[in-house]
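Construct all of the structure, not just a fragment, from the sequences and the given hints.
Each chain, letter by letter, is given below.
Protein chains: 2
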Amino acid sequence: MDHLKFHTDKLRASGLRPTKQRLAISKILFNRKETFHFTIDQLKKIAEKNIKKKISVATLYNTVHAFEKKGYLKEISLKGNKTFFDTNTRSHHHFYDEETSQLTDIKNENISISNLPKAPNGKKIRDIEVTIKVASNNQKQKNLV
Amino acid sequence: MDHLKFHTDKLRASGLRPTKQRLAISKILFNRKETFHFTIDQLKKIAEKNIKKKISVATLYNTVHAFEKKGYLKEISLKGNKTFFDTNTRSHHHFYDEETSQLTDIKNENISISNLPKAPNGKKIRDIEVTIKVASNNQKQKNLV
DNA sequence: ATGCAGTTTATAATGATTCTAAACTATAAG
DNA sequence: CTTATAGTTTAGAATCATTATAAACTGCAT
Ligand SMILES: [Mn+2]
Ligand SMILES: [Mn+2]
Ligand SMILES: [Zn+2]
Ligand SMILES: [Zn+2]
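Protein chains in written order, with our numbering: chain C, 433 to 577; chain L, 433 to 577.
What the hints contain is simulated information worked out from the structure, not anything from laboratory work.
Just to be clear, a hint being listed does not mean it is correct.
The list makes no distinction among identical chains, and a pair is therefore deemed to hold if it is satisfied within one copy or across any two copies.
Straight-line C-alpha distance at most 35 Å; calculated DSBU-like pairs for lysine-lysine [claimed, not checked]:
{"hint": "1", "residue 1": "Lys484", "residue 2": "Lys501"}
{"hint": "2", "residue 1": "Lys502", "residue 2": "Lys485"}
{"hint": "3", "residue 1": "Lys485", "residue 2": "Lys501"}
{"hint": "4", "residue 1": "Lys485", "residue 2": "Lys556"}
{"hint": "5", "residue 1": "Lys476", "residue 2": "Lys506"}
In structure tokens form, the structure reads like this:
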């Protein structure tokens with residue numbers, strides 16, 4: 433694997449030992465052209481399929497949170513009980529299909545937001561997240577004024 | 433209480449019996465001028481303060497979900513383990529202060545969104561949710577380009 | 001007043017996530 | 001190449017939010 437050294441170096445540079453588990457998870461998460469949106473449970477299923485030796489759920493949680501803390505993953509705001517993560521750590525937006533829980537990235541430059549009201553008392557805007565909920569063509573649309 | 437008959441009628445009209453518990457919760461949730469954003473846990477604490485006879489958590493969940501199903505509440509998309517509800521059931525947006533978990537409504541007409549990319553394959557836009565994260569003035573801002 | 005479907009409740013069950021503490025391992029030093 | 005050790009993994013327990021269960025209760029039609 434050609435990515436191996438890359439992942440090893442990246443982990444070491446972040447102060448994380450390049451263990452078998454972290455390298456295997458890195459491979460699943462980051463050897464992709466497209467953004468990957470996932471829950472721990474989905475990651476677990478993929479790991480079970482692709483890795484001979486089982487990775488414990490504790491390690492999946494530990495690793496995902498370590499990667500998040502180092503800035504290689506970010507958490508996404510969605511309804512529901514499970515936490516979603518995103519390999520795209522840039523500020524960006526999403527299409528969200530609630531029927532399939534499928535997320536699709538929208539680059540910030542592909543949406544224009546204007547006329548922002550001013551932030552509350554002594555607060556400053558840090559980030560803007562737009563979520564566009566989509567559904568099959570036969571559903572009813574809300575009043576978007 | 434002058435709102436009592438209003439809540440009683442509203443519940444009956446929705447096919448929900450106006451029980452003591454539902455009326456007490458309605459009073460907490462809907463006797464307000466401003467939008468109320470809350471978790472079940474926050475609602476529980478308010479109920480404990482304001483209602484002599486304890487309302488069980490099961491009833492809090494049942495009632496909130498009944499109100500949601502009838503269209504009097506809606507669930508909000510946020511990070512974290514707890515579910516947030518909103519007494520403003522219109523399509524609208526939020527300022528979100530992650531430090532305090534405080535939400536503030538922004539009316540749809542107070543934000544302009546343009547240049548939307550087209551929705552994925554055979555999907556139609558149903559709703560747009562903008563969340564503007566704010567923080568104390570001393571924090572660093574993300575690159576919003 | 002009676003009957004009963006709808007509702008509430010305590011409690012158990014579930015599901016996601018975090019904690020614990022013992023076993024394991026990457027790696028720095030000798 | 002050993003050895004020592006801090007960092008890591010792991011199974012399982014613990015915790016937290018939410019949902020299910022099923023028995024007791026109550027609003028309301030008759
Ligand atoms: Mn996290
Ligand atoms: Mn709900
Ligand atoms: Zn994304
Ligand atoms: Zn709101």
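I want to check one pair: Lys484 and Lys501. Are their C-alpha atoms no more than 35 Å apart within a copy, between two copies, both, or neither? Within one copy only: 27 Å inside a chain, 45 Å across chains, cut-off 35 Å.
Between Lys485 and Lys556, at a C-alpha cutoff of 35 Å, which is it: within one copy, between copies, both, or neither? Classified as neither: same-chain Cα gap 47 Å, cross-chain 42 Å, threshold 35 Å.
Intra/inter-copy verdict for Lys485 and Lys501 if alpha-carbon distance must be at most 35 Å: within (26 Å within a copy, 45 Å between copies)
How would you label the pair Lys476, Lys506 (within, between, both, or neither) given a Cα cut-off of 35 Å? both (18 Å within a copy, 31 Å between copies)
If the cutoff is 35 Å on CA atoms, where do Lys502 and Lys485 land: within, between, both or neither? Let me know, please. Within one copy only: 26 Å inside a chain, 48 Å across chains, cut-off 35 Å.
Hint 4 from the earlier list is the only one contradicted by this structure; the remaining hints agree with it.
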